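Trainee: So the chains spell out like this:
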Amino acid sequence: MLTNYPALGIFFLITIAFPVTAMGLAWLFRPKPKAAPDDEKFTTYECGVNTQGKTWIRFKVNYFLYALVFLAFDVEIVFLYPWAVKFGVLGPFAFIEMIIFIAILLIGLWYAWKEGALEWY
Amino acid sequence: MEHLFTNLAAAFTGWMITLGLSPVWADIILLLVKWIIIITIITLNIIVLIWLERKVSAFFQERLGPNRLGPFGIFQTIADAIKLLTKEDIVPSAADKLIFKTAPMFFIVVAVMLYTVIPLGQGMEVINLNIGLLFFISIGSLSTIALLMAGWGSDNKWSLMGAVRSVAQMISYEIPLAFSLLGVVMISGSLNLQDIVAAQDNLWFIILQPIAFITYFIAATAELNRGPFDMPEAEQELTGGAYTEYTGMRWALFFLAEYTNLVAVSALMATVFLGGWQGPWLPSWLWIIIKTYGVILVFFWVKWTFPRIRMDQLMSFSWKVLVPVSLGNILLTGAGIYFCKWMGWC
Numbered sequence: 000m001l002t003n004y005p006a007l008g009i010f011f012l013i014t015i016a017f018p019v020t021a022m023g024l025a026w027l028f029r030p031k032p033k034a035a036p037d038d039e040k041f042t043t044y045e046c047g048v049n050t051q052g053k054t055w056i057r058f059k060v061n062y063f064l065y066a067l068v069f070l071a072f073d074v075e076i077v078f079l080y081p082w083a084v085k086f087g088v089l090g091p092f093a094f095i096e097m098i099i100f101i102a103i104l105l106i107g108l109w110y111a112w113k114e115g116a117l118e119w120y
Numbered sequence: 000m001e002h003l004f005t006n007l008a009a010a011f012t013g014w015m016i017t018l019g020l021s022p023v024w025a026d027i028i029l030l031l032v033k034w035i036i037i038i039t040i041i042t043l044n045i046i047v048l049i050w051l052e053r054k055v056s057a058f059f060q061e062r063l064g065p066n067r068l069g070p071f072g073i074f075q076t077i078a079d080a081i082k083l084l085t086k087e088d089i090v091p092s093a094a095d096k097l098i099f100k101t102a103p104m105f106f107i108v109v110a111v112m113l114y115t116v117i118p119l120g121q122g123m124e125v126i127n128l129n130i131g132l133l134f135f136i137s138i139g140s141l142s143t144i145a146l147l148m149a150g151w152g153s154d155n156k157w158s159l160m161g162a163v164r165s166v167a168q169m170i171s172y173e174i175p176l177a178f179s180l181l182g183v184v185m186i187s188g189s190l191n192l193q194d195i196v197a198a199q200d201n202l203w204f205i206i207l208q209p210i211a212f213i214t215y216f217i218a219a220t221a222e223l224n225r226g227p228f229d230m231p232e233a234e235q236e237l238t239g240g241a242y243t244e245y246t247g248m249r250w251a252l253f254f255l256a257e258y259t260n261l262v263a264v265s266a267l268m269a270t271v272f273l274g275g276w277q278g279p280w281l282p283s284w285l286w287i288i289i290k291t292y293g294v295i296l297v298f299f300w301v302k303w304t305f306p307r308i309r310m311d312q313l314m315s316f317s318w319k320v321l322v323p324v325s326l327g328n329i330l331l332t333g334a335g336i337y338f339c340k341w342m343g344w345c
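Same order as they appear, the protein sequences are chains A and B.
Residue numbering for the first sequence follows numbering that gives the first Met the number 0, beginning at 0 and increasing consecutively.
Residue numbering for the second sequence follows numbering that gives the first Met the number 0, beginning at 0 and increasing consecutively.
Don't read these hints as lab results, they were simulated from the structure.
Hints may be right or wrong, so weigh each one.
[To be verified] Think about it this way: if two alpha-carbon atoms lie no more than 27 angstroms apart in a straight line, the pair counts; the simulated DSS-like pairs of lysine-lysine are:
1. B:K319 x A:K113
2. A:K40 x B:K100
3. A:K59 x B:K319
4. B:K86 x B:K100
5. A:K33 x B:K100
6. A:K85 x B:K340
From a predicted model like this one, the values you see are computed outputs, not experimental measurements.
Next up, chain B with everything else stripped away, as it sits in the complex (with noise of 0.2 angstroms):
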């Protein structure tokens, strides 16, 4: 079991080389296969985790959540998928077209380009990058256009207000995110996510790197715009936020991102934090789905638990808190390290 899509995609390219085909279009189809197997994995994920945020809300909130279609109301999210699929596109006109359009797809785009680099298993992950860690992050910084494109294209006061919010969240949250995750870069001495998983064969750095595990949460989680942190859609007081004048599939693709976002930063926290895809018994690609949704689930568990902070506070939060605290990180991993070789345990 544990080898089993290695084998299967090694077997794959072995029948199409006997087919004629040079490496190079046979490496080329392979990497089609794994885009439909990647999408397959975010569609499936989108309906298995909005039904299971809901869920998971109502049981904090002693309510019901979906219970009509199907067993638990599983089938609640096809059903909104298809609603949304037969809903009008109203573009406002006083809206910049080109803009307005192109911003839920660019947002797409930039959540997918994220999978390429998470190992999904031993030795499964779509291109084996060297700088796989750097990738993410500067990939996943990108989603800050995006919410711009869409507030500044609307031209709505509701959407410009949410989308510069969340533009100066998300700068000032970026930060301490990538700062957090230097301490586990210095202990691995790589760039690259399988590395990283492998240089945590005896133990998980969430043991190692408390204070980033801390830190790169709470950054992440203001990075998704989730709650506490969902100031910039915050629906009491900006109606949508940058989402404002979205209808459709188009506000389904916003929809789909956030959640495909969700879904990737998890994963990450889960392969730098957690041991990624190692663990005992079962095969590696199940590990690491195991993870995934635990760390999905203590996200959920986060937003439906506390309040919003207020905007300042939010702002101040990360500049007066989180920037020094994880530079103070980054010294102390390093005297750590110096003192570790002093002492002759490394």
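Okay, chain A solo, but in the shape it has when bound (with noise of 0.2 angstroms):
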């Protein structure tokens, strides 16, 4: 019998042929015209003109920040799923452990609140 997680992987790499199928179809059929390198069609689209200056810049810093708290939360959610498949069995403590848990983020929520790290300027 073959186990799950060899299927799941089995599956992936079966999975991986999907597109290459699709990709090589459309090679099949799609007009290949030889084109230089430095054809118009080839540049950049920015709306008709040519592009001013780099795209790989310094981005907002409001996306960081945003990327901070949700770090925090993601470690959270990885706590919180093993403790909720066994909830019924624990019994009330460890309820009252998870509300302590689930207060000291929410403290770390109201705190990043109130710095204005979720305000979008």
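Join the two chains, each given in its own frame, into one complex according to the hints.
Mentor: See below:
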């Protein structure tokens, strides 16, 4: 018998064949005109004008702040799932413990909120 | 009719073993057959769904929608697919070639992987994973990386802006998404999706967990980048978001993956909140299709009714409303379970 995780790996490997086949099929049908690499159509689209300046620049700091808050809560999710599965078995003490744990994180969210990390400038 | 597909699968495996194959190889070939069925379901669904969405949006806006090819324009999507297949493949010279080319493939592979754990009927799933729900959430969040790859690899300002927006949006809405499913896990006591369906034998979880259902629905709409949360690909201001530079089949793969994700998330909602494949009279595999399409129609309804919301409102809605509400729902569920035990109802 095939167990779950090897089956998942095999499924993943054969799934890669799906987009590859689609691209191969498109390669068979699509026109392949010979164009110089500096042809107009290979330029970056920017509403018809030539591109100005670099694309890969520094970005708004707000995105980074959101990512930091996300990281804290993502770790919390990892802790919460095993607890939730065994919730019926663990008893009231585990529930109170988890309330304290969530409260600590809520203080963190409140702090981020107060400091304006969740505002969009 | 109920056990049609499970019996067929068992008969197929038995026939493979009588041909002299070892059970492991028979299972691998069965997995391959299941993969072909999943791909067929996905492809057929896309053809129907794109047509359906255009018809539904036309109905909302009092237009006719596609009506030329075939009865009610049903062959319009096939014509579109053929057109996309014969389009030239343009890779901008400024783009990061490897990342640009792998992004759509990565997106579609991730989207197809979601179907491995969804129960499509009684005893009908590709792999009966004991952590199915966690697997679904973790694999579903990987599509963020595909969008970031597309935006970063294109070297286009519209693409990068769309990608960064979608990453910020998707990571923000992932938190309420995962939290809202916790209530269901607490009641059913399992992450296996078949067990969750079995736990809804008497009562659907939408009745026990109405807050979780609403927060999950809103967060899922944002995760799918669908309206009213479609800031990342807001056509009127970002031309196409992360997909701006994509042409032909690559663009089609992105579109395919988006609809594949939509069907997967709708199927999960039907499984977790609407009783999955359970239902009277009809066979189980028909019930899950009916429920999934019901959820999809609600997604269409929401998209074509509400106006797009602003980026700052979008982010603050997740962190200031959905996260506290979904956390409160966990505490409420825990207290409810203890109250229920104390009263002796369960």
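Trainee: Now look at each hint and say whether the structure bears it out.
Mentor: Here is how each hint holds up against the structure:
1. B:K319 x A:K113: holds, 12 angstroms
2. A:K40 x B:K100: holds, 17 angstroms
3. A:K59 x B:K319: The hint holds at about 20 angstroms.
4. B:K86 x B:K100: Roughly 16 angstroms separates the two Cα atoms, so the pair holds.
5. A:K33 x B:K100: holds, 20 angstroms
6. A:K85 x B:K340: holds, 16 angstroms
In the structure shown, no violation is registered for any of the earlier numbered hints.
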